[in-house]
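Q: Here the structure of chain A is known, so what remains is to put chain B in place on it, guided by the hints.
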Amino acid sequence: MKLLHVEQVVAGWQQPVTPPVSLVLNRGEIIGLSGPNGGGKSTLLAALAGQGRVFSGLVSVSQGVRICFQTQTLPPLDGLPLSGRELLALTGASPEGLPSWLTGCLTQRLDRLSGGQRQYLSLWAVLQAPGEILLLDEPSNHLDAAGAKHLKVALKRRAAQGAGVLLVSHDQDLMHACCDRIVVLEGNRG
Amino acid sequence: MDDWLIFWKPYLTGLAFSIQLALIGLYLQLRREWLAALAYGQVGAAGALLAQVMAWPLALGGLLFSAGAAVAKTLLARPLGAGVMFVLLLLLGWSACLLLTANLSVAERLGQAMFAGQLYFAGTTELLLALLLLLGTLGYLRFFGPSLLQSFLYPGLPCNQSRRWVRCFDLCAALVLAAAVMSMGVMGVFALAFVPSWSAFRCAGSWRLACRQSVVLGIGAYSLSFFLAWYWDQPYGPMLVACLLFFGVARVLGLGWKTHCEQMRRRGGI
Numbered sequence: 005m006k007l008l009h010v011e012q013v014v015a016g017w018q019q020p021v022t023p024p025v026s027l028v029l030n031r032g033e034i035i036g037l038s039g040p041n042g043g044g045k046s047t048l049l050a051a052l053a054g055q056g057r058v059f060s061g062l063v064s065v066s067q068g069v070r071i072c073f074q075t076q077t078l079p080p081l082d083g084l085p086l087s088g089r090e091l092l093a094l095t096g097a098s099p100e101g102l103p104s105w106l107t108g109c110l111t112q113r114l115d116r117l118s119g120g121q122r123q124y125l126s127l128w129a130v131l132q133a134p135g136e137i138l139l140l141d142e143p144s145n146h147l148d149a150a151g152a153k154h155l156k157v158a159l160k161r162r163a164a165q166g167a168g169v170l171l172v173s174h175d176q177d178l179m180h181a182c183c184d185r186i187v188v189l190e191g192n193r194g
Numbered sequence: 095m096d097d098w099l100i101f102w103k104p105y106l107t108g109l110a111f112s113i114q115l116a117l118i119g120l121y122l123q124l125r126r127e128w129l130a131a132l133a134y135g136q137v138g139a140a141g142a143l144l145a146q147v148m149a150w151p152l153a154l155g156g157l158l159f160s161a162g163a164a165v166a167k168t169l170l171a172r173p174l175g176a177g178v179m180f181v182l183l184l185l186l187g188w189s190a191c192l193l194l195t196a197n198l199s200v201a202e203r204l205g206q207a208m209f210a211g212q213l214y215f216a217g218t219t220e221l222l223l224a225l226l227l228l229l230g231t232l233g234y235l236r237f238f239g240p241s242l243l244q245s246f247l248y249p250g251l252p253c254n255q256s257r258r259w260v261r262c263f264d265l266c267a268a269l270v271l272a273a274a275v276m277s278m279g280v281m282g283v284f285a286l287a288f289v290p291s292w293s294a295f296r297c298a299g300s301w302r303l304a305c306r307q308s309v310v311l312g313i314g315a316y317s318l319s320f321f322l323a324w325y326w327d328q329p330y331g332p333m334l335v336a337c338l339l340f341f342g343v344a345r346v347l348g349l350g351w352k353t354h355c356e357q358m359r360r361r362g363g364i
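Going down the list, the sequences are from chains A and B.
Quick note: the first sequence, position 67, residue 71 per my numbering, numbers continuous.
Quick note: the second sequence, position 95, residue 189 per my numbering, numbers continuous.
Read the hints as simulated data drawn from the structure, not as lab findings.
It cannot be assumed that every hint is accurate.
[To be verified] Just the calculated beta-carbon pair ranges, DEER-fashion:
| # | chain 1 | residue 1 | chain 2 | residue 2 | range |
| --- | --- | --- | --- | --- | --- |
| 1 | B | L226 | A | R116 | 37 to 45 Å |
| 2 | B | S317 | A | T111 | 28 to 36 Å |
| 3 | B | V343 | A | E11 | 53 to 61 Å |
| 4 | A | P80 | B | L170 | 18 to 26 Å |
| 5 | A | D115 | B | L174 | 23 to 31 Å |
| 6 | B | G350 | A | S104 | 41 to 49 Å |
| 7 | A | R70 | B | V343 | 40 to 48 Å |
| 8 | B | T353 | A | K156 | 16 to 24 Å |
| 9 | A | S104 | B | H354 | 26 to 34 Å |
| 10 | A | D184 | B | R172 | 36 to 44 Å |
| 11 | B | V178 | A | D177 | 30 to 38 Å |
| 12 | B | W150 | A | H146 | 53 to 61 Å |
[Unchecked claim] Mimicking SDA-like on lysine to any residue, the simulated pairs with C-alpha atoms at most 25 Å apart in a straight line are:
| # | chain 1 | residue 1 | chain 2 | residue 2 |
| --- | --- | --- | --- | --- |
| 13 | A | K156 | A | S126 |
| 14 | B | K352 | A | D82 |
| 15 | A | K160 | B | K352 |
Glycine included, every Cβ here is placed at the ideal spot set by N, Cα and C.
With the rest of the complex left out, here is chain A:
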């Protein structure tokens, strides 16, 4: 079942950044977006999430489908009195399936966790949020080997549950391990 249909979309901010892109994202599918820096991968995700601008083309989202967008920037958790359990409750994410090195930290304040623990918990809150389309921008940034391994399993499980995932990453290992196909963006040379 089709979740997202992108037809000759040119996205950007003040100016167009991406070349015309076409793709169809179905339920249970993971599509990778690859290409050089400045090619417009993150910009395309932002435009699909309604945060960037679509200059031309057509974006069609199936009725009732919710989009969850994870940006490269971590949520501003420094100095915030918020526990891990509260963070997950905010996005509606379930703690079920969390790696064992995180389950014991859920009652602690997030800014007292290590950088890696905080990063993975922030990502988990988006991964497990109740949405049908996941737009993930460099989710494996700052993750250690154990985190990256767990992310691959979690992504595949999420797709198996029926979500469609659009994944931007420079991590070729993650892309090849998880993606059903990869779309290459070469940048807007015009």
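A: Okay, now just chain B, sitting in the frame of chain A:
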């Protein structure tokens, strides 16, 4: 006993405001917009003074001006930046207040009272307004508080509530701050919105605990200052600020000292 009967309306008015200011302060701290507590309060004070000059009800002037300030902030925050908007509103409110009090005798006494805090003159109207706003604020934060947190931390996720209602936070904060300023004074209100929430942000282990700690500190410092100012016959506003600073700073320093001792103990292997 007679004294208590005279003071119970002012006390309850301040109590209602101290609860909502302690909670609203938390969300202002979250959004890094604590300057709003001063900006909306100052604009509300200017509105109340202008209403006094025009022989309108004070509350009407204060609430209308602060609501206008909230709308202006919502519209102009993106092009100018929220921080700049609050500075501009603060300067506008401050200059309007001082010009009105300097040139119009009818505004002079009220102006001075609003800077020192005039809580002991609060009557039934102020109490009813405070209780109404308390109900509104608690209801608003109960339903939209989690969405406010979520929209700040994860703007890219679908929101449980309509974004329009989440954007109404500015209006809610502006109305409460303006109404509180008319009873408790500009700096007293600023201190009630800032100090308990700042202390809770530093010390609490979760959002739920932060809400609880902020309210407890707000109510405690408010109640103590109310009775001390009355007993020693001091201006109310400065006494409130002194109590808040004492308890707020003591709490943060106490926690810092405890953490330091724990670290030293761990290093010493005790």
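Q: Decide, hint by hint, whether the structure agrees.
A: Checked hints:
Remark: the range hint 37 to 45 Å for L226 of chain B to R116 of chain A is upheld by a beta-carbon distance near 39 Å. Checked against the hint of 28 to 36 Å, the pair S317 of chain B and T111 of chain A passes, with Cβ atoms roughly 32 Å apart. The hinted window of 53 to 61 Å between V343 of chain B and E11 of chain A holds, with their beta carbons roughly 60 Å apart. Restraint check, P80 of chain A to L170 of chain B: a C-beta distance of roughly 23 Å satisfies the suggested window 18 to 26 Å.
Checked against the hint of 23 to 31 Å, the pair D115 of chain A and L174 of chain B passes, with Cβ atoms roughly 30 Å apart. For G350 of chain B paired with S104 of chain A, a C-beta distance near 32 Å fails the hint of 41 to 49 Å. For the pair R70 of chain A and V343 of chain B, the supplied restraint of 40 to 48 Å holds, since their beta-carbon distance comes to about 45 Å. Distance hint check for T353 of chain B and K156 of chain A: the Cβ-Cβ separation is about 38 Å, which falls outside the suggested range of 16 to 24 Å.
Judged by the Cβ atoms, the range 26 to 34 Å given for S104 of chain A and H354 of chain B holds: they are separated by roughly 32 Å. Hint check: D184 of chain A to R172 of chain B, Cβ distance near 38 Å, so the stated range 36 to 44 Å holds. As the Cβ distance of V178 of chain B to D177 of chain A is approximately 45 Å, the hint placing it in 30 to 38 Å is violated. Taking 53 to 61 Å as the suggested C-beta distance range, the pair W150 of chain B and H146 of chain A conforms, at roughly 57 Å.
Simply put, K156 of chain A and S126 of chain A have alpha-carbon atoms about 16 Å apart, close enough for the 25 Å limit, and the pair holds. Distance check on the hinted pair: K352 of chain B and D82 of chain A sit about 20 Å apart at the alpha-carbon level, within 25 Å; holds. At roughly 45 Å between alpha-carbon atoms, K160 of chain A and K352 of chain B are farther apart than 25 Å, so this suggested pair is violated.
Of the numbered hints stated above, those contradicted by the structure are hints 6, 8, 11, 15, listed in ascending order.
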